[in-house]
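Could you put together the complete structure from these sequences and hints?
Respectively, the protein sequence lines represent chains A and B. 59 is the number that our numbering gives to position 59 of the first sequence; each next residue is one higher, with no gaps. Our numbering runs 1000 ahead of the 1-based position in the second sequence.
Any given hint could be a false lead.
[As the list claims (entries may be wrong)] FRET-style restraints, in silico, Cβ to Cβ:
hint : chain 1 : residue 1 : chain 2 : residue 2 : range
1    : B       : Arg-1173  : A       : Ala-217   : 36 to 46 Å
2    : B       : Asp-1029  : A       : Asn-187   : 53 to 63 Å
3    : A       : Thr-36    : B       : Thr-1117  : 25 to 35 Å
4    : B       : Gln-1271  : A       : Trp-73    : 46 to 56 Å
5    : B       : Phe-1018  : A       : Asn-242   : 26 to 36 Å
6    : A       : Ile-39    : B       : Gly-1228  : 25 to 35 Å
[Unchecked claim] Covered, in the sense of this in silico footprint (three residues per stretch, anywhere, with C-beta under 8 Å from a C-beta of chain B), are these stretches of chain A:
hint : stretch
7    : 140-151
8    : 168-175
9    : 179-192
10   : 272-283
[To be verified] If you want the ones that stay clear, here's a sample from chain B, every Cβ over 10 Å from chain A, calculated:
hint : residue
11   : Trp-1037
12   : Leu-1054
13   : Thr-1117
14   : Leu-1125
15   : Leu-1130
16   : Ser-1132
17   : Leu-1143
18   : Trp-1146
19   : Gly-1183
20   : Trp-1187
21   : Phe-1190
22   : Gly-1228
Hint data in this document are derived by calculation from the structure and do not stem from the laboratory. A virtual CB, placed ideally from N, CA and C, is assigned to each residue, including glycine.
Here is what each chain is made of, one letter per residue.
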Amino acid sequence: MSAGASAPPRDLTPAQPGRRGIRRRLAAFPAGTYVTMGILVLLTIYPMVWMILGSFKSLGEFYTNIWGLPHGWHWSNFTQAWDQVQLGQKFVNSIIATLGTLILTLPLCSMAGYAFAKVEFPLRRYIYYFVLAGIMIPFGVTAIPVLTTEISLGLFDSRLGLILVYAAQNLPFGIFLMYSFFQSIPNELEEAGLIDGCSRFKAFVRIVLPLAKPGLATLLIFTGTSVWNEYLMASVLIHQPNLETLPLGLVNFTTAHSTNYPELFAALSIVTTPVVLVYLVAQRQFISGLTAGALKG
Amino acid sequence: MVAPAVLLYAVFVIYPLFRGAFVSLYQWDGLSPTMTWFGLRNYKYALEDPVFRLSLRNTFQYAIGVTIIKNLLGLGLAVLLNRKLRGRAFFRTAGFLPVIFSFVVVGVLWSWIFNPTFGLADKVLQSVGLGSLQPGWLSDPHLALWSVMWVDVWKWTGFHMVLYLAALQSVPRELYEAAAIDGAGRWQTFRRITIPSIRPVIAFSTLLALTGAFVANYDVVYVMTGGGPLNSTQVALTYIVSKAFNSQQVGLANAMSIILFIGVAIIGAVQLAVMTRGREQPR
Chain A
1 MSAGASAPPR DLTPAQPGRR GIRRRLAAFP AGTYVTMGIL VLLTIYPMVW
51 MILGSFKSLG EFYTNIWGLP HGWHWSNFTQ AWDQVQLGQK FVNSIIATLG
101 TLILTLPLCS MAGYAFAKVE FPLRRYIYYF VLAGIMIPFG VTAIPVLTTE
151 ISLGLFDSRL GLILVYAAQN LPFGIFLMYS FFQSIPNELE EAGLIDGCSR
201 FKAFVRIVLP LAKPGLATLL IFTGTSVWNE YLMASVLIHQ PNLETLPLGL
251 VNFTTAHSTN YPELFAALSI VTTPVVLVYL VAQRQFISGL TAGALKG
Chain B
1001 MVAPAVLLYA VFVIYPLFRG AFVSLYQWDG LSPTMTWFGL RNYKYALEDP
1051 VFRLSLRNTF QYAIGVTIIK NLLGLGLAVL LNRKLRGRAF FRTAGFLPVI
1101 FSFVVVGVLW SWIFNPTFGL ADKVLQSVGL GSLQPGWLSD PHLALWSVMW
1151 VDVWKWTGFH MVLYLAALQS VPRELYEAAA IDGAGRWQTF RRITIPSIRP
1201 VIAFSTLLAL TGAFVANYDV VYVMTGGGPL NSTQVALTYI VSKAFNSQQV
1251 GLANAMSIIL FIGVAIIGAV QLAVMTRGRE QPR
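Encoded structure:
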């Protein structure tokens, strides 16, 4: 009520205490905004809730009780889905593809980004533009040509072939990102290291790289998410069922095999839950990581 | 230090483009060792193929439609969120959630929501008294493409919202104060101050959505409709992949890929040119 002190005395009469304050607060309460945001939240979250509830229902209940909570919680849907889709194997394949790509791209992008930013060598600018052009190439268009290339290299239908393609496609953006980070680090820091007797490589690893940690984190999230979610390249390049990544296994299973929907819902819930959990734990990094390309570009 | 990266990139990104252009001049099934010289006939066949032309038209409708809707919605939501608001962080987190999912997951989930027997979409219509409509969300050739486009909008609007929100927050406060002193209304302030200040982000966000929507629509279309019914949701990439795998016309599929690549490159270049010119001459 401290604001009332300067207000005209009639507002302080006991008959209408704080009424003006409430009205002012009501005016400041943006009802339209909250309704819009409520709809947004409902639209984004409710489909997930519906999916999770659906994966607990029995087959009979699934078609009759569309909105509601399940009458009994059928956990068996999850174990059956896990076995049917061989989710364990697909998880392992997706983890291998994602880690393999990261193990290649993080060092390669750091090294190349550093060299483009700090080391003088012939044709540096032109090679940098050549790599940067890759950001503008829509990779979907290259799917069939990449398949053609992989066949002729004997890499078709192999884990290595998939990882090499993922790594190569993620290089241009990664190099661009690391380049801009290294450029913002002053040369003096490195020179101080060199004077103290560090080798150039040691100076890079000990002094420059730690400063570029936020860049590496962004790169990790950006590349990791895009590889984990990738479907088109995997579907074109991988044909053995035991090499399928999660998106591939999920599509082949839902489109071909089963009409046991609660089980399919359970499979989808199993696949999405870890992603949601990682997102909720590291949402700040996720949001900035996935939008970083935009703000830097 | 750059050699390994450049080599990998050259072999798996650049070389395939040339390889694709080369193969597009041959008749080839993708397996047999012999390729028959075909000249530009693959390109002629591609451009004369009515389904390929339909798929290009669908690709355009899809890409331009979702680009406009995603950016308008994203900007609108960002404007709403760009003020002191209780729960703002929560709205941002929730709005961004669909961005992290793969199009496979999103497509499967929404094809269930649109399912006529157990789907949520029809149930929602029933509950507001429109149950008799029973739209064939994915089975009506006039509606199916729009349903798929909606899923794209659902997945990406949060991304553009976050982009625009960051841009709005970087507009200097003094500009708004000056406008308020000059007696500018809300709409005028938005048009004369907000829009010009965030123009680079608008350009980038639109370009990203447009080039993305041209070629990143394969997963969602394939999962939700497979290009049907009656090719009404057939986009260029789904058709190209089906040409390569189902009819083993790898030469033709490569020719179509090159056509699509050229199309996307031209559109990207034109759009970039238009939007950067707009930046150089204000208003």
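Consistency of the hints with the structure:
1. Arg-1173/B - Ala-217/A: 36 to 46 Å: violated (30 Å)
2. Asp-1029/B - Asn-187/A: 53 to 63 Å: holds (56 Å)
3. Thr-36/A - Thr-1117/B: 25 to 35 Å: holds (32 Å)
4. Gln-1271/B - Trp-73/A: 46 to 56 Å: holds (51 Å)
5. Phe-1018/B - Asn-242/A: 26 to 36 Å: Hint holds: Cβ distance 33 Å, inside 26 to 36 Å.
6. Ile-39/A - Gly-1228/B: 25 to 35 Å: Because 31 Å falls inside the window, the suggested range holds.
7. 140-151: holds (count 11)
8. 168-175: holds (count 5)
9. 179-192: violated (count 0)
10. 272-283: Three-residue rule met by the stretch 272-283 of chain A, so holds; n is 6.
11. Trp-1037: holds (16 Å)
12. Leu-1054: With a cut-off of 10 Å, Leu-1054/B remains clear of chain A, as the shortest Cβ separation is near 18 Å.
13. Thr-1117: violated (6 Å)
14. Leu-1125: Answer for Leu-1125/B: holds, closest chain A Cβ roughly 12 Å.
15. Leu-1130: holds (16 Å)
16. Ser-1132: The claim holds: Ser-1132/B sits with its nearest Cβ about 17 Å from chain A, beyond 10 Å.
17. Leu-1143: Non-interface label stands for Leu-1143/B: nearest chain A Cβ at 19 Å, farther than 10 Å.
18. Trp-1146: Fine: 16 Å to the nearest Cβ keeps Trp-1146/B off the interface.
19. Gly-1183: holds (21 Å)
20. Trp-1187: holds (16 Å)
21. Phe-1190: holds (15 Å)
22. Gly-1228: holds (12 Å)
When held up to the earlier numbered hints, the structure conflicts with 1, 9, 13 and fits the remainder.
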